[in-house]
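Residues per chain are reported as follows:
There are 2 protein chains.
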Amino acid sequence: MRSIIITLSVLLFIPFAGITQTTDEDAFAIREIYDVALSEGQCYKTLEYLTTQVGSRLSGSPGAAAAVDYGQQTFEAMGFDSVWLQPCMVPHWERGEKEIVKIVASQTIGTQALNAVALGGSGSSGKTGMAAEVIEVRSLDELKAMSPVQVKGKIVFYNRPMDPLQVSTFAAYGGAVDQRVFGPQTAMEYGAIATLVRSMTTKLDDVPHSGVTIFEDKGKTIPAVAISTKDAELLSALLEKEKVRVYVRTTSHWMPDKLSYNVVGEIKGSTHPDEIILVGGHLDSWDLNQGAHDDGAGCVQALEVIHIFKMLKKRPNRTLRCVWFMNEENGQAGAKEYANWSNGLGEKHIAAIESDRGGFTPRGFTTEADESVYKIHFKKAKGWEPLLSPYGLTIKTGGSGADVTRLKPQKGLLFGLAPDSQRYFDYHHAANDTFDKVNKRELELGAAAMTSLVYLLDKYGM
Amino acid sequence: MRSIIITLSVLLFIPFAGITQTTDEDAFAIREIYDVALSEGQCYKTLEYLTTQVGSRLSGSPGAAAAVDYGQQTFEAMGFDSVWLQPCMVPHWERGEKEIVKIVASQTIGTQALNAVALGGSGSSGKTGMAAEVIEVRSLDELKAMSPVQVKGKIVFYNRPMDPLQVSTFAAYGGAVDQRVFGPQTAMEYGAIATLVRSMTTKLDDVPHSGVTIFEDKGKTIPAVAISTKDAELLSALLEKEKVRVYVRTTSHWMPDKLSYNVVGEIKGSTHPDEIILVGGHLDSWDLNQGAHDDGAGCVQALEVIHIFKMLKKRPNRTLRCVWFMNEENGQAGAKEYANWSNGLGEKHIAAIESDRGGFTPRGFTTEADESVYKIHFKKAKGWEPLLSPYGLTIKTGGSGADVTRLKPQKGLLFGLAPDSQRYFDYHHAANDTFDKVNKRELELGAAAMTSLVYLLDKYGM
Chain G
68 MRSIIITLSV
78 LLFIPFAGIT
88 QTTDEDAFAI
98 REIYDVALSE
108 GQCYKTLEYL
118 TTQVGSRLSG
128 SPGAAAAVDY
138 GQQTFEAMGF
148 DSVWLQPCMV
158 PHWERGEKEI
168 VKIVASQTIG
178 TQALNAVALG
188 GSGSSGKTGM
198 AAEVIEVRSL
208 DELKAMSPVQ
218 VKGKIVFYNR
228 PMDPLQVSTF
238 AAYGGAVDQR
248 VFGPQTAMEY
258 GAIATLVRSM
268 TTKLDDVPHS
278 GVTIFEDKGK
288 TIPAVAISTK
298 DAELLSALLE
308 KEKVRVYVRT
318 TSHWMPDKLS
328 YNVVGEIKGS
338 THPDEIILVG
348 GHLDSWDLNQ
358 GAHDDGAGCV
368 QALEVIHIFK
378 MLKKRPNRTL
388 RCVWFMNEEN
398 GQAGAKEYAN
408 WSNGLGEKHI
418 AAIESDRGGF
428 TPRGFTTEAD
438 ESVYKIHFKK
448 AKGWEPLLSP
458 YGLTIKTGGS
468 GADVTRLKPQ
478 KGLLFGLAPD
488 SQRYFDYHHA
498 ANDTFDKVNK
508 RELELGAAAM
518 TSLVYLLDKY
528 GM
Chain B
68 MRSIIITLSV
78 LLFIPFAGIT
88 QTTDEDAFAI
98 REIYDVALSE
108 GQCYKTLEYL
118 TTQVGSRLSG
128 SPGAAAAVDY
138 GQQTFEAMGF
148 DSVWLQPCMV
158 PHWERGEKEI
168 VKIVASQTIG
178 TQALNAVALG
188 GSGSSGKTGM
198 AAEVIEVRSL
208 DELKAMSPVQ
218 VKGKIVFYNR
228 PMDPLQVSTF
238 AAYGGAVDQR
248 VFGPQTAMEY
258 GAIATLVRSM
268 TTKLDDVPHS
278 GVTIFEDKGK
288 TIPAVAISTK
298 DAELLSALLE
308 KEKVRVYVRT
318 TSHWMPDKLS
328 YNVVGEIKGS
338 THPDEIILVG
348 GHLDSWDLNQ
358 GAHDDGAGCV
368 QALEVIHIFK
378 MLKKRPNRTL
388 RCVWFMNEEN
398 GQAGAKEYAN
408 WSNGLGEKHI
418 AAIESDRGGF
428 TPRGFTTEAD
438 ESVYKIHFKK
448 AKGWEPLLSP
458 YGLTIKTGGS
468 GADVTRLKPQ
478 KGLLFGLAPD
488 SQRYFDYHHA
498 ANDTFDKVNK
508 RELELGAAAM
518 TSLVYLLDKY
528 GM
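Residue numbers (my numbering), protein chains in the order written: chain G, 68 to 529; chain B, 68 to 529.
It is worth saying that the hints were derived from the structure and are not from the lab. Possibly wrong hints are sitting among the right ones.
One copy or two, either will do: identical chains are not told apart, so a pair holds if it fits within one copy or between any two.
Mimicking PhoX-like on lysine-lysine, the simulated pairs with C-alpha atoms at most 25 Å apart in a straight line are [as the list claims (entries may be wrong)]:
hint: 1; residue 1: 112; residue 2: 297
hint: 2; residue 1: 504; residue 2: 287
hint: 3; residue 1: 270; residue 2: 112
hint: 4; residue 1: 449; residue 2: 463
hint: 5; residue 1: 297; residue 2: 377
Keep in mind the model is a prediction, meaning the values are calculated, not measured.
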């Protein structure tokens, strides 16, 4: 009788007949992973230290160096077979003095300070700052339709909001962020002396959000600052009534590139040591916050995968590698270095999972792979969904993460942990991305989701 | 060609052939509902007023009366066909003066105040308070296994935590809350002079959480207070070392029952006016907070369903009724009154949707119905899932809500909005359940989810 029951319940766990013969054992193993994550998890404590004791860690900063040191120590205490630092040269931008941005001598409201932060990569205004008339545009195309004569000597203000109708805030971000990334370079080409960008957030508030802007030549830049969404609304309304002059002062500047490191730890696989499963997040953050959701959360979740394997005394069949990547925010030097090195060695990452969308309740994973293998890989992973859906998780298309996407040539399946996205842009790249915004259970559930997926990848391969 | 495309895409929306022939039109209508909710939604503003201007609103309090008044005005401005107040007599308990609970003269830590709040329904200690030795138990059964001699004159401390291994925090709550609801009565029967209960939260912090406790006879009570989880840990650790005396002072007391009201608004159905679809939440809150997640969020989401119908100029086929129920927290007098009245009239609620699990990102709906109809109803609603899953929603078993469950005899399908549950018990019944804990988009997505379901119920019936 017992064998009939077992056979029946095993049958229930064959989602795509012939694809993956998962078993009750898998359901039990995943339950065990969640139990450990939710009762003996360390990731919240690790995050607390990384965010409140190490603090901000922009590439090239002393905080980034401290984070690498902390990472190495933490990895060494975790019981990897080997831990190493992988050197990479990172760009080194500094914010300089606190920015001053203000509307000057408006007929309607007089002089009024705006909540502003320089974008990463912004040029300096010089110590005296600069003031000019503002022209508002909603897109790069709108600017490009103007003649340089209209733009010359002015401050260009990009003010297209993130689309609130997108249920995924990442889709809304993707639809607006070109203004921040490419807008300042374009404005400069058209003769603007500075750029204001509406903060990339779904919230209407006073918090300015930084993030990278790209100037093609670091020696040829203009000041580029983000202003809060409320201030963007204010400025826009004012521009309907009158010509507006804004004063911008930022002493942001580039320093010489600096040596930094990815932190890497590895447990050799017992039966398939050449097949690598990577879990990772990025160690660098912006300079103005603790980098709690972006991406302290991803780092500690990736490390927690290893911790849970250790707690459960599971020796992996395949090689598990945990990487805290350096410089995701403004250059991805760590990701490039890792991929060049690994691709160059002819390594085979059968899978890589990045967590870099905040420490919120996980809803599943998005995936990508080289076109030649994607369909078959996706089908296999999708076959595991019945084991993951009791935990609210799905497997979908939709990309992986900036630090692992360069491993595509190795033809494994690349995953991004996909948490609930609604609150991410409340904090993204802003001063309020702090430890207290992370819920312990939500963080732990993300780590459990990643570990469950690693368990399946380790057992069944890809 | 066009008709082939339409036919094909219609076919794609037949989830259970023969059950519900939903169409592209439905997908478009739901998208439209989300668009309005996310761009022209009023629920966040309504919640701001209800929580910050009206404030706390425990049954029988002036705040509850103000909330009824505000509800009536808000409903009248919404353009219902009719708005009325439904009278009900509600219990009226008052917290009295700020509670004092402290460990007294411990050999280890001396005297130390504990973070504590009286449970709703707690008796008074009298002005001078009372002190006694504490005995800790983990369950009512553990207490019942003791002899009254062991318990007499002591303070019983219930300290079983919510189970962190439950992924659903509501399941964890359900597994622990008997201590709070029934523990004090039992302790009194065994001769205890007061009760301490570990706060019902998944968080380890200093915030005490109130909630109802039930004494069979309001004239025969003892003090019953919740202490924070950190203080529960402290007290428990101390009890392992030494006998501990605790001092409890609360002047909580019952007042005579008071007249209050449900707020009801109705739009008559154009083709099936006798088939009612109810949306609701409960207007009362605990006295120590703004009742933002519990259950201001549910009230404003229910009202938003009507607002979205109005914005889209949709005249419903069936009758839509929105109810802000009074007294869910400590008696459910409003729910009883409504059900008695409606069941008595022979009304037919084909469906009722309650939102009372916080204003977090919606994950779907749980359902219940009279056993004789549940299977067929559930199958029909489940057939709509493909229309809802693009918004991350599922239809599951698992109950509806305390205010609508009494409509079961009318044999409709009863729903509870099921948001992400991880953060709910961080705030539940505690002073920190305030407006700032609610994310605008998460709240709006819940309202959109409810409206989408109402749209389908209104179109296809149940």
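So, going through the hints one by one against the coordinates:
no., hint, in the structure
1, 112 <-> 297, "between (35 Å within a copy, 16 Å between copies)"
2, 504 <-> 287, "neither (37 Å within a copy, 44 Å between copies)"
3, 270 <-> 112, "between (29 Å within a copy, 14 Å between copies)"
4, 449 <-> 463, "both (8 Å within a copy, 21 Å between copies)"
5, 297 <-> 377, "neither (48 Å within a copy, 29 Å between copies)"
In this structure, the hints that do not hold are numbers 2, 5, in rising order.
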